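S.K.: So you can see what is in the structure, the chains are spelled out below.
Protein chains: 2
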Amino acid sequence: MSEYLNEGTIILTTEPSVYSYAAAGGKMEGDGPLGSCFDYISQESDFGESTWEKSESRLQQLAFSHALSKGGISEGELSFIFAGDLQNQCTGSAYGIRDTGIPFIGLYGACSTMAESLVLASIFVDNNAAEYCAALTSSHFCSAERQFRFPETYGGQRTPTAQWTVTGSGCAIVGKHNNPPYIKGVTIGKIVDLGIKDANNMGAAMAPAAYETIKSYLKVQKKTVNDFDLILTGDLGSVGSEILYELFRKDGVDISTVHNDCGLMIYDFEKQDVHAGGSGCGCSASVLCGHILERVKKGELKNVLFAATGALMSTTVVQQGESIPGISHAVHISCE
Amino acid sequence: MSEYLNEGTIILTTEPSVYSYAAAGGKMEGDGPLGSCFDYISQESDFGESTWEKSESRLQQLAFSHALSKGGISEGELSFIFAGDLQNQCTGSAYGIRDTGIPFIGLYGACSTMAESLVLASIFVDNNAAEYCAALTSSHFCSAERQFRFPETYGGQRTPTAQWTVTGSGCAIVGKHNNPPYIKGVTIGKIVDLGIKDANNMGAAMAPAAYETIKSYLKVQKKTVNDFDLILTGDLGSVGSEILYELFRKDGVDISTVHNDCGLMIYDFEKQDVHAGGSGCGCSASVLCGHILERVKKGELKNVLFAATGALMSTTVVQQGESIPGISHAVHISCE
Numbered sequence: 001m002s003e004y005l006n007e008g009t010i011i012l013t014t015e016p017s018v019y020s021y022a023a024a025g026g027k028m029e030g031d032g033p034l035g036s037c038f039d040y041i042s043q044e045s046d047f048g049e050s051t052w053e054k055s056e057s058r059l060q061q062l063a064f065s066h067a068l069s070k071g072g073i074s075e076g077e078l079s080f081i082f083a084g085d086l087q088n089q090c091t092g093s094a095y096g097i098r099d100t101g102i103p104f105i106g107l108y109g110a111c112s113t114m115a116e117s118l119v120l121a122s123i124f125v126d127n128n129a130a131e132y133c134a135a136l137t138s139s140h141f142c143s144a145e146r147q148f149r150f151p152e153t154y155g156g157q158r159t160p161t162a163q164w165t166v167t168g169s170g171c172a173i174v175g176k177h178n179n180p181p182y183i184k185g186v187t188i189g190k191i192v193d194l195g196i197k198d199a200n201n202m203g204a205a206m207a208p209a210a211y212e213t214i215k216s217y218l219k220v221q222k223k224t225v226n227d228f229d230l231i232l233t234g235d236l237g238s239v240g241s242e243i244l245y246e247l248f249r250k251d252g253v254d255i256s257t258v259h260n261d262c263g264l265m266i267y268d269f270e271k272q273d274v275h276a277g278g279s280g281c282g283c284s285a286s287v288l289c290g291h292i293l294e295r296v297k298k299g300e301l302k303n304v305l306f307a308a309t310g311a312l313m314s315t316t317v318v319q320q321g322e323s324i325p326g327i328s329h330a331v332h333i334s335c336e
Numbered sequence: 001m002s003e004y005l006n007e008g009t010i011i012l013t014t015e016p017s018v019y020s021y022a023a024a025g026g027k028m029e030g031d032g033p034l035g036s037c038f039d040y041i042s043q044e045s046d047f048g049e050s051t052w053e054k055s056e057s058r059l060q061q062l063a064f065s066h067a068l069s070k071g072g073i074s075e076g077e078l079s080f081i082f083a084g085d086l087q088n089q090c091t092g093s094a095y096g097i098r099d100t101g102i103p104f105i106g107l108y109g110a111c112s113t114m115a116e117s118l119v120l121a122s123i124f125v126d127n128n129a130a131e132y133c134a135a136l137t138s139s140h141f142c143s144a145e146r147q148f149r150f151p152e153t154y155g156g157q158r159t160p161t162a163q164w165t166v167t168g169s170g171c172a173i174v175g176k177h178n179n180p181p182y183i184k185g186v187t188i189g190k191i192v193d194l195g196i197k198d199a200n201n202m203g204a205a206m207a208p209a210a211y212e213t214i215k216s217y218l219k220v221q222k223k224t225v226n227d228f229d230l231i232l233t234g235d236l237g238s239v240g241s242e243i244l245y246e247l248f249r250k251d252g253v254d255i256s257t258v259h260n261d262c263g264l265m266i267y268d269f270e271k272q273d274v275h276a277g278g279s280g281c282g283c284s285a286s287v288l289c290g291h292i293l294e295r296v297k298k299g300e301l302k303n304v305l306f307a308a309t310g311a312l313m314s315t316t317v318v319q320q321g322e323s324i325p326g327i328s329h330a331v332h333i334s335c336e
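Protein sequences appear in the order of chains A and B.
Quick note on this note's numbering: the first sequence kicks off at 1 and runs consecutively.
Quick note on this note's numbering: the second sequence kicks off at 1 and runs consecutively.
Same shape as in the complex, but just chain A (with noise of 0.2 Å):
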């Protein structure tokens, strides 16, 4: 059963458990330091699919399907599948999960969609809305890169603050309070927009977003940063998490000491060129599936408050002028 407290937080009385996780990736996040986690590395950027839309939705099963048999859990016993992705209209995980026949709720989070689909899949569970449920999520370079961003073909120089569209995918099903990793509680973002208009400086973007949803947490909760472990952010970037920093530093926080950001992680800074770090949705998922939720089941890491963060424009209202809207959810996972 869920309590509703304030400011978008909610308690799940229940504690589900993440029951099991899965990533996949392309040839450069395996390349990456975080490479040896994922569960299935492609060398190949087109999954072996005709279009990049659907490389990207094969990337969604592969990561899907992986979960489940780690797991030990048929389709059939999944009760919904909550997902979504950056392309237009979410066909990446429509068309990823089409025949699969488990009902399907679709969301558009940008690239907080990693947490906003746990949020719900851990409530439903906490509700016996629903037995086990899968969060899943996805972004490839080549499909988002060609949506938001230069064509390819211009041959256009990357900006300093840009950031690099992970090619990944992350599922996690979620069932009954077993055992570790536990779900303990959520925050629902808001829409936080300073005004940012630069579509290649996404992380100052959703800094203030990452900000307030953390905050939120930390003070419903009564409970200070150093009752985590770590503070994970989604796709902040290297911008973007001195931006946080210097928010939670003008409260008097000092989040640097248990902080990360899975867009720093994800790249070797030195050897991969990436400039800001990394970003979409597959970004924060795939570092969440493959790498975090296995060190909090091993005991590792014991509270992880993990918020994904999310820039809420397209393409179309930028050109118009508009700023960039900011959003994150957070998680709060434990291994208690």
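For the record, the hints were derived by calculation from the structure and aren't laboratory data.
Treat the hints loosely; a few may be bogus.
Because identical chains share one entry, a pair is satisfied inside a single copy or across any pair of copies.
Subject to a maximum C-alpha distance of 20 Å in a straight line, what follows is the list of computed SDA-like cross-link-like pairs (lysine to any residue) [said to hold, decoys possible]:
| no. | residue 1 | residue 2 |
| --- | --- | --- |
| 1 | 250 | 158 |
| 2 | 197 | 50 |
| 3 | 223 | 254 |
| 4 | 184 | 128 |
| 5 | 215 | 76 |
| 6 | 219 | 102 |
| 7 | 184 | 1 |
| 8 | 176 | 7 |
| 9 | 176 | 147 |
| 10 | 297 | 260 |
| 11 | 215 | 101 |
Bear in mind the structure is a predicted one, so any value in this text is a computation, not a measurement.
Starting from the structure of chain A, add chain B where the hints point.
M.R.: Below, chain B without anything else, positioned relative to chain A:
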């Protein structure tokens, strides 16, 4: 407390109430047979804004603010907004509610979004995960046409099976059990794709999904079509509605006696040139929130099964030769 039954169906044991509801629309919707049911009609398509995207956000704000004021509910009393729309990256919703400061769950269910948002809002309230929630969606003829169909300036001819995107928005505020209308149960649909590739025949693409979802709710709840005064699909239009009847006829069921479709109700087929009917998220949203919920509140309709329908393609994947996946979510609304 919710009770998960089977095949995507959930019983809401506390039977949350729809506290208030409102609809906003454009001139053409105001000229239609339900024109007097709208809370706000704009004579100008631009709603006083400089882009079609902003016009749609403004439309959503109008439905939202009218629903709040009709219910005597302040923005600060809302726990969450569940919203989505058809624009790429769902910017109609994100920019529409950006300034509210209310925690936001972004959805993508194409034209099924009104049902999807109402499902989630009801489940949150049923389980104490929220106090009041808003379920909100919209579509705008101009933002949708330029994104999905022919560029207007080409002068392309519309096919007979094509539907007309409604300029409309609906908002429902859900809270704890109080007065009717009540939400008694929901079915979250699975994706159904029978291979339709014609993006100008979305009724045909969505009808099999509506059939599966309605059949599932009836079966799991051990009800027949005659237990409902009205089974209301979202925007199958004339072509899709006939396919729905045929699918039920094969099971020996005549659904036509209790069925209607929002896409058939919103325009005057004699006087308004809408081919196969209305469509868009705002079609089912404004018919439900402007017309149907009021009739349930008054007891004129006792039991309504609202099954909004969505087509989950994008222009990109359709151009790549893909077929169109359909989805439908159902909400059982009752005055009893």
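S.K.: It remains to establish, for every hint, whether it holds in the given structure.
M.R.: Evaluated hints:
| no. | hint | result |
| --- | --- | --- |
| 1 | 250 with 158 | neither (31 Å within a copy, 58 Å between copies) |
| 2 | 197 with 50 | between (34 Å within a copy, 18 Å between copies) |
| 3 | 223 with 254 | within (14 Å within a copy, 58 Å between copies) |
| 4 | 184 with 128 | both (16 Å within a copy, 16 Å between copies) |
| 5 | 215 with 76 | between (39 Å within a copy, 19 Å between copies) |
| 6 | 219 with 102 | between (37 Å within a copy, 17 Å between copies) |
| 7 | 184 with 1 | both (12 Å within a copy, 19 Å between copies) |
| 8 | 176 with 7 | between (26 Å within a copy, 19 Å between copies) |
| 9 | 176 with 147 | neither (38 Å within a copy, 42 Å between copies) |
| 10 | 297 with 260 | within (19 Å within a copy, 51 Å between copies) |
| 11 | 215 with 101 | between (39 Å within a copy, 15 Å between copies) |
Hint compliance for this structure: hints 1, 9 are broken, all remaining hints hold.
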